[in-house]
Amino acid sequence: MTYLHPSLRRWPSLAAATALLLSVGLPQRATAHAIESSLERLQSLREDLVLESRFSNGEPVVGAGVRLVAPGGGTSVELGQIDAEGRLSFKLPDQADGTWELEVDGGPGHRDFLDLPVQGGRIQLDQVSETPLPARSPLTSPALGSVLLLGGIGSLGWLLAGLAGWRFRSRR
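Heads up: the sequence shown at position 5 corresponds to 5 in my numbering, and the numbers run straight through without jumps.
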């Protein structure tokens, strides 16, 4: 039978408590579901456009404010809010020209931006593009953070166990 000194018996519970405290205490980046928007022209005499916006899980972005910003960050035009079906019908301002930005604002962390190229008051639907999100560094990935956390906890555990063993041997 192996004899464990009383000071070594509490290391497993101490290591578990440390791991729990570290995992709870470290800030984690919140990842919200994204908004995905599409735009189409109504086949009618009015030349209205229909914006459809949904979260990535398919739910409509009900109540999200929609704004159209003039080229170069000029004046903005409030278009309205997304309805219960995830849609908003609107018309471009008269004599609109250049690349306008369509903003869908579903609250903090829930936004979508579309660049709308307009020529002679008509949107070029085949050239509409989503404003790209900033690239995320691989150093900020949640998986890497977890690996580093576990590696740090493991290293700390081995360090403490080594110190306890050294201290125990030096007393003999």
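Because the hints were derived from the structure by calculation, they are not lab data.
Some hints here could point you the wrong way.
[To be verified] Below, a list of computed lysine to aspartate or glutamate pairs in the EDC-like style, where the Cα atoms sit at most 16 Å apart:
id: 1; residue 1: 91; residue 2: 78
id: 2; residue 1: 91; residue 2: 52
id: 3; residue 1: 91; residue 2: 103
[What the hints assert, rightly or not] Have a look at the derived ranges for each label pair, beta carbon to beta carbon:
id: 4; residue 1: 161; residue 2: 56; range: 41 to 49 Å
id: 5; residue 1: 120; residue 2: 34; range: 29 to 37 Å
id: 6; residue 1: 48; residue 2: 146; range: 43 to 51 Å
id: 7; residue 1: 34; residue 2: 85; range: 18 to 26 Å
id: 8; residue 1: 62; residue 2: 95; range: 53 to 61 Å
id: 9; residue 1: 115; residue 2: 78; range: 16 to 24 Å
id: 10; residue 1: 155; residue 2: 57; range: 35 to 43 Å
id: 11; residue 1: 108; residue 2: 70; range: 23 to 31 Å
id: 12; residue 1: 72; residue 2: 154; range: 33 to 41 Å
id: 13; residue 1: 120; residue 2: 81; range: 23 to 31 Å
id: 14; residue 1: 77; residue 2: 148; range: 19 to 27 Å
Note that the coordinates shown come from a computational prediction; the quantities given were computed from them, not determined experimentally.
Here a beta-carbon is modelled for each residue, glycine too, at the ideal position from N, C-alpha and C.
How the hints compare with the structure:
1. For the suggested pair residue 91 and residue 78, the alpha carbons sit about 11 Å apart, so the restraint of at most 16 Å is met.
2. Distance hint between residue 91 and residue 52 is fulfilled; the C-alpha atoms sit about 14 Å from each other, no more than 16 Å.
3. Of the supplied pair hints, the one linking residue 91 and residue 103 holds, its CA atoms being roughly 15 Å apart against a limit of 16 Å.
4. The hinted window of 41 to 49 Å between residue 161 and residue 56 holds, with their beta carbons roughly 45 Å apart.
5. Checked against the given bound of 29 to 37 Å, the beta carbons of residue 120 and residue 34, roughly 33 Å apart, stay inside it.
6. Residue 48 and residue 146 have their C-beta atoms about 48 Å apart, which keeps the hinted 43 to 51 Å range intact.
7. Checked against the hint of 18 to 26 Å, the pair residue 34 and residue 85 passes, with Cβ atoms roughly 19 Å apart.
8. For residue 62 paired with residue 95, a C-beta distance near 32 Å fails the hint of 53 to 61 Å.
9. At about 19 Å, the CB distance of residue 115 to residue 78 agrees with the hint of 16 to 24 Å.
10. A hinted range of 35 to 43 Å for the beta carbons of residue 155 and residue 57 is consistent with their spacing of about 39 Å.
11. For the hinted restraint 23 to 31 Å between residue 108 and residue 70, the CB-CB distance of approximately 25 Å keeps it satisfied.
12. In this structure the hint that residue 72 and residue 154 lie 33 to 41 Å apart at CB is violated, the actual value being about 54 Å.
13. Judged by the Cβ atoms, the range 23 to 31 Å given for residue 120 and residue 81 holds: they are separated by roughly 29 Å.
14. Hint check: residue 77 to residue 148, Cβ distance near 47 Å, so the stated range 19 to 27 Å is violated.
In this structure, the hints that do not hold are numbers 8, 12 and 14, in rising order.
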